[in-house]
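Residue numbers (the numbering used here), protein chains in the order written: chain F, 139 to 278; chain X, 3 to 514.
I should point out that these hints are in silico values taken from the structure, not numbers from a laboratory. For glycine and all other residues, C-beta sits at the position ideal for the given N, C-alpha and C. Honestly, I wouldn't trust all of these hints.
[What the hints assert, rightly or not] Covered stretches of chain X, as calculated for chain F (at least 3 residues, CB under 8 Å):
{"hint": "1", "region": "155 to 163"}
{"hint": "2", "region": "408 to 417"}
{"hint": "3", "region": "445 to 451"}
{"hint": "4", "region": "484 to 493"}
[Claimed, not checked] The list that follows gives simulated cross-link-like pairs (lysine-lysine, DSBU-like), each with its CA atoms no further than 35 Å apart:
{"hint": "5", "chain 1": "X", "residue 1": "K176", "chain 2": "F", "residue 2": "K257"}
{"hint": "6", "chain 1": "X", "residue 1": "K11", "chain 2": "F", "residue 2": "K261"}
{"hint": "7", "chain 1": "X", "residue 1": "K11", "chain 2": "X", "residue 2": "K455"}
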Amino acid sequence: MSLLNIQVASFIGSVSLILIGLVAILFIDNLIKKVLGMMFLTDGVNLFLVTLGYRLDVPGGAIVPIFTEAFYRAENASMQVAATDFAGKASFCLPYALVLTNIVIGAATTAVVLGLIIKLYQKHRSLNASEVLGEVVEHG
Amino acid sequence: MASPLFSTKELVPLFVVIPILAAVLSNFLYKRSRAVKVLAGCVMLVLVLLPFFTSFQSNYYVYGAHPQVNYVLKEGVAMAFNLGIAYQYTQLQMVLLMAFTLMSALSVGVAFVMHDRVSGVYIFLILMAISSACAVCLVDDVFNMFVFFEICTVAQAGIVAWLSEGDAFRTSLKYMLLGSVAGGMLLLGIAFLLGSTGVLNVSDMFEYFSTTATRRDAPIVFMGLALLIFAWCYGGGLPPFHTIKSELYSRASAEAGAVLQAISKVLLISVGVIVARLFFWQDVTWQSMMILSTFGMMIGGAMAMVQNDYRRLIAYVAVNQAGIVGIGLSFFRRLPQYGTMGPLYLWGHEGMAYGIFHGFNEIIVTSALFISAAVLLRTFGHTDMTKLCGMLQRNKEFALLTLISMLAVSGMPPLNCFQSEWRLIQFAFSHGFTTIGLLMVVSTVMVFYALAKAFVLVFLRPGPAEQAKPLQIPFAMTLALMVAVVLEVFFGLFPDVALDPISAGLTALFGG
Chain F
139 MSLLNIQVAS FIGSVSLILI GLVAILFIDN LIKKVLGMMF LTDGVNLFLV
189 TLGYRLDVPG GAIVPIFTEA FYRAENASMQ VAATDFAGKA SFCLPYALVL
239 TNIVIGAATT AVVLGLIIKL YQKHRSLNAS EVLGEVVEHG
Chain X
3 MASPLFSTKE LVPLFVVIPI LAAVLSNFLY KRSRAVKVLA GCVMLVLVLL
53 PFFTSFQSNY YVYGAHPQVN YVLKEGVAMA FNLGIAYQYT QLQMVLLMAF
103 TLMSALSVGV AFVMHDRVSG VYIFLILMAI SSACAVCLVD DVFNMFVFFE
153 ICTVAQAGIV AWLSEGDAFR TSLKYMLLGS VAGGMLLLGI AFLLGSTGVL
203 NVSDMFEYFS TTATRRDAPI VFMGLALLIF AWCYGGGLPP FHTIKSELYS
253 RASAEAGAVL QAISKVLLIS VGVIVARLFF WQDVTWQSMM ILSTFGMMIG
303 GAMAMVQNDY RRLIAYVAVN QAGIVGIGLS FFRRLPQYGT MGPLYLWGHE
353 GMAYGIFHGF NEIIVTSALF ISAAVLLRTF GHTDMTKLCG MLQRNKEFAL
403 LTLISMLAVS GMPPLNCFQS EWRLIQFAFS HGFTTIGLLM VVSTVMVFYA
453 LAKAFVLVFL RPGPAEQAKP LQIPFAMTLA LMVAVVLEVF FGLFPDVALD
503 PISAGLTALF GG
């Protein structure tokens with residue numbers, strides 16, 4: 139499969155994950171499935187960001203933006219050449235940094251949501267969103 | 003406004019760093035109530051003073067490992083990294099943070115009185131929320147904006163859940179679930195912008211879109227705009243998130259409601275300014291902002307009129323006022339100036355300055371109203387207006403202070419919200435937005451009616467004889483209300499003290 143196809147497939151995969159996540163959060167009645175939907179949504183956005191980092195303009199495919207051991211072993215002059223070559227071939231690493239941060243945020247958010255669900259389950263003995271979330275007493 | 007005393011631009015990150023460190027420390031202190039109070043009091047005092055000692059800047063500055071980390075790979079071969087967060091601290095941010103930190107400090111002071119033993123966890127959540135709101139206000143980088151936006155969401159949900167009541171847990175969970183959608187959409191929008199511009203820095207994107215007219219009309223950019231506006235509505239409490247926001251304000255402890263609504267206003271203005279800077283060239287930006295804000299304003303006003311719970315009423319008034327601020331923010335475009343030669347389009351952010359000025363005023367006024375709700379909650383244990391009565395007999399000072407804040411938010415002269423609302427309505431009429439101007443007048447009448455009803459029920463309606471004994475209100479609560487009233491009168495009489503720096507800040511951000 140060519141790189142272009144991989145990128146397109148990844149974009150389609152990320153959009154699918156986002157849509158599945160949205161449907162689960164908004165329409166599925168089970169609270170745990172809603173949490174799974176949240177995770178699908180986060181993963182879909184993460185996949186989208188990772189896919190943005192692909193570079194199609196490098197013949198033979200872009201390289202992972204990590205210095206190898208051989209890079210450090212090279213002589214000074216050849217290291218300069220290698221650095222230039224590396225900059226020309228390495229994929230766009232900024233989205234990967236964003237994804238790492240978003241994974242941490244997603245984990246923290248999921249933990250808080252699961253904590254709230256546990257407290258509500260202890261009270262209602264149910265995980266149905268219509269039952270647990272639908273009882274807010276409206277004033278006025 | 004006078005310039006800050008020292009040239010201390012390096013203090014800007016302290017708005018974020020100090021509350022985060024204090025939050026972590028207060029979490030460790032946990033049940034040591036007195037230590038937590040001392041710590042939180044000191045931190046809030048520092049935050050209130052910080053805007054006065056920090057130099058505002060018209061450009062952005064990079065903090066953290068400033069200016070560069072020089073990583074020497076080998077002798078003679080070095081790589082330079084610029085690790086850090088770009089902050090924007092113009093007069094606009096300075097003024098906004100002055101109001102926000104002051105009202106948050108007063109609310110934290112009220113929290114000390116409201117709860118006999120202040121938990122370290124509660125203060126941790128409040129400080130994290132304050133820190134992240136300050137960060138969203140300051141950052142010049144859309145990804146860091148997203149990160150602090152998410153932290154703010156979790157902290158806000160935690161503040162409500164801290165009450166450990168069934169309704170509070172439900173509201174928190176709903177807020178978190180909707181927040182996960184809004185946060186995901188915000189990051190996706192940021193990904194679209196990164197894909198189309200290659201940068202995350204707002205100032206760089208602003209330059210890119212200002213100078214590259216050919217690529218900014220790509221569909222991916224419009225998707226980014228739509229998703230950012232979605233997140234803006236969530237952060238500011240505009241439709242379709244007005245219901246959950248008002249629920250969040252009213253389910254939290256009353257003084258926490260003051261902090262939460264102030265945070266919402268800071269997010270509304272900060273994210274709104276970023277959206278305006280990034281998409282100023284596209285008419286659909288101001289149009290969508292204006293439509294959503296108008297709905298928020300009208301729904302908030304209408305819902306406020308039918309409430310019987312004092313906190314719920316103020317929560318909807320806060321939504322209504324957010325709508326007015328949003329309308330002001332949407333007045334940033336090229337506006338037609340009608341003359342003898344026909345319409346002449348001029349770039350201007352005068353109307354936007356009025357909108358931000360209204361947000362500034364609204365942070366003060368609505369916080370005062372939530373603090374008055376805290377007084378009622380502490381005294382009676384509830385804020386149901388059908389059961390409250392005779393407060394005027396019991397404490398005239400409290401009644402007067404609340405009345406002034408109610409009149410201020412209703413747009414009565416010579417108080418601060420009158421100055422901002424009057425300018426916004428005048429601006430709307432003079433620039434062809436007649437319908438919007440009329441709707442703003444109608445919404446002001448609705449808010450006045452709702453608050454007049456509340457005042458009659460809670461303060462003027464005579465109560466039973468056994469309830470007529472004088473009511474003692476803690477000094478911290480009276481002080482908070484008095485400070486708010488003094489500010490309402492001051493900015494009503496001298497609006498330019500806040501308006502001039504806001505205009506100067508917008509000029510720095512958007513260019514002359």
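Now for the hints, and whether the structure bears them out:
| no. | hint | result |
| --- | --- | --- |
| 1 | 155 to 163 | holds (count 5) |
| 2 | 408 to 417 | violated (count 0) |
| 3 | 445 to 451 | violated (count 0) |
| 4 | 484 to 493 | violated (count 0) |
| 5 | K176(X) / K257(F) | holds (14 Å) |
| 6 | K11(X) / K261(F) | violated (51 Å) |
| 7 | K11(X) / K455(X) | violated (48 Å) |
Hint compliance for this structure: hints 2, 3, 4, 6 and 7 are broken, all remaining hints hold.
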